[in-house]
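Dock the two chains into a complex; use the hints.
Here is what each chain is made of, one letter per residue.
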Amino acid sequence: DGGITQSPKYLFRKEGQNVTLSCEQNLNHDAMYWYRQDPGQGLRLIYYSQIVNDFQKGDIAEGYSVSREKKESFPLTVTSAQKNPTAFYLCASSTLGALTDTQYFGPGTRLTVL
Amino acid sequence: KQEVTQIPAALSVPEGENLVLNCSFTDSAIYNLQWFRQDPGKGLTSLLLIQSSQREQTSGRLNASLDKSSGRSTLYIAASQPGDSATYLCAVSKPDNAGNMLTFGGGTRLMVKP
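Residue numbers (my numbering), protein chains in the order written: chain Y, 1 to 114; chain L, 115 to 228.
One or more of the hints may lead you astray.
[Unchecked claim] Ranges between beta-carbon positions, derived for each pair:
id, chain 1, residue 1, chain 2, residue 2, range
1, Y, Pro39, L, Ile121, 14 to 24 Å
2, L, Gly174, Y, Thr79, 35 to 45 Å
3, Y, Ser67, L, Ala193, 44 to 54 Å
4, L, Glu170, Y, Thr86, 35 to 45 Å
5, L, Glu131, Y, Lys14, 40 to 50 Å
[What the hints assert, rightly or not] Negatives, chain L to chain Y, calculated, CB over 12 Å:
id, residue
6, Glu170
7, Tyr190
8, Lys227
Hints are computed from structural coordinates only; laboratory data are not their basis.
Keep in mind it's a predicted model, so treat the numbers as computed, not measured.
Each residue gets a CB set at the ideal place from its N, CA and C atoms; glycine is no exception.
This is chain L alone, in the form it adopts within the complex (with noise of 0.2 Å):
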């Protein structure tokens, strides 16, 4: 059974440092790992989707590595904002039938202070 496990699971920051958020997972058999923001109280959104042939993805400030075969990912955000404090959800994908099951990680809770 696929497990991910998202390390650390809170992280306090000032304003400017950039920070590497840490995700793995135990089967290597994915299609695709995705990172995803949740605000408190509110539904995720997708930040960065890395299909399984990929080594990374970035969007502005955000650039995701994969390291499949040893069961790795990092997201990593440059000079940090007061607007990027969030929970960060890992994802992967299921290889079955349906195609686009996701077994997510636990979080980080990501507090950047002014």
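Same shape as in the complex, but just chain Y (with noise of 0.2 Å):
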């Protein structure tokens, strides 16, 4: 069964600590992109990969790390030092350069600052 899987759904985190948030896909898919989503809004990236040990800086990078050591995943660190992280997250894959492709979206994490 091909998809892509986030966990966990829901996560809380303290002030001050980093978190991570994974991201699987098993569609053989080259690209892979993190996405947050504030209430009421749209989707806004953070940062894509299009090959492993790559990755690139999307709209809002600042607070955020990633890293691509396999196809299949892609995780996001939230740092510290994201002021206002709390935010429903989403991890997207596609192919690379099939421009009539759509991206494939996770179920997402929901991310709570306590």
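Set out below in structure tokens:
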């Protein structure tokens, strides 16, 4: 059963802590993406990766870090430098360069800062 | 910088009504435009993808049109049902090396009342 999984579904963080959100895909996609969604708003791109061991900043990368050690995995770390991390985080993947293809999304992780 | 706007932000209609959701974008240099559906607390599901050379796409009761020169797209939902209640997001692709980078609108939250 192909798709994208994200874990955990809900995550609570104390101020000053780093937390890592997991994203795994078995669609054999080269490209992976992390988005942030605030209530009533659209998605904003945090980071994206087109190939293993390479990634690029999106529009709102400050306070976040990523790694891409395997094609299937693209974890996102929310660091203590992110001043307002409470949001819904979505991971997506797609083929690379197929301009008619869509991005496939995971179910999301809701992060709350206590 | 590409900006995507969706109007209205929220819409409530009685079951059976035909309705139109609007999306506008500021830069007409796009590769494609997509409409996504998002249920509360869930990820996004792609509904329709219109390539820049196309004028419309249809899937069941859904029809999406694209007027690239004027920077507008509409999503038409025929004979709305309570199960159509969700947030609908449009997104346009950026013409950059990643080939499939998306800029999202803020979404239209639709409620269809029985």
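Comparing the hints with the structure gives:
Range check, Pro39(Y) to Ile121(L): Cβ separation about 19 Å, and the 14 to 24 Å hint holds. Gly174(L) and Thr79(Y) have their C-beta atoms about 44 Å apart, which keeps the hinted 35 to 45 Å range intact. Taking 44 to 54 Å as the suggested C-beta distance range, the pair Ser67(Y) and Ala193(L) conforms, at roughly 47 Å. For Glu170(L) and Thr86(Y), the Cβ-Cβ distance of about 39 Å falls inside the hinted range of 35 to 45 Å, so the restraint holds.
The beta-carbon spacing between Glu131(L) and Lys14(Y), approximately 47 Å, falls within the hinted interval of 40 to 50 Å. The Cβ of Glu170(L) sits about 15 Å from the closest Cβ of chain Y, beyond the 12 Å cut-off, so the non-interface label holds. Against the 12 Å criterion, Tyr190(L) stays outside the reach of chain Y, whose nearest CB is about 20 Å from its own CB. Every beta carbon of chain Y lies more than 12 Å from that of Lys227(L), the smallest distance being close to 20 Å; the non-interface claim holds.
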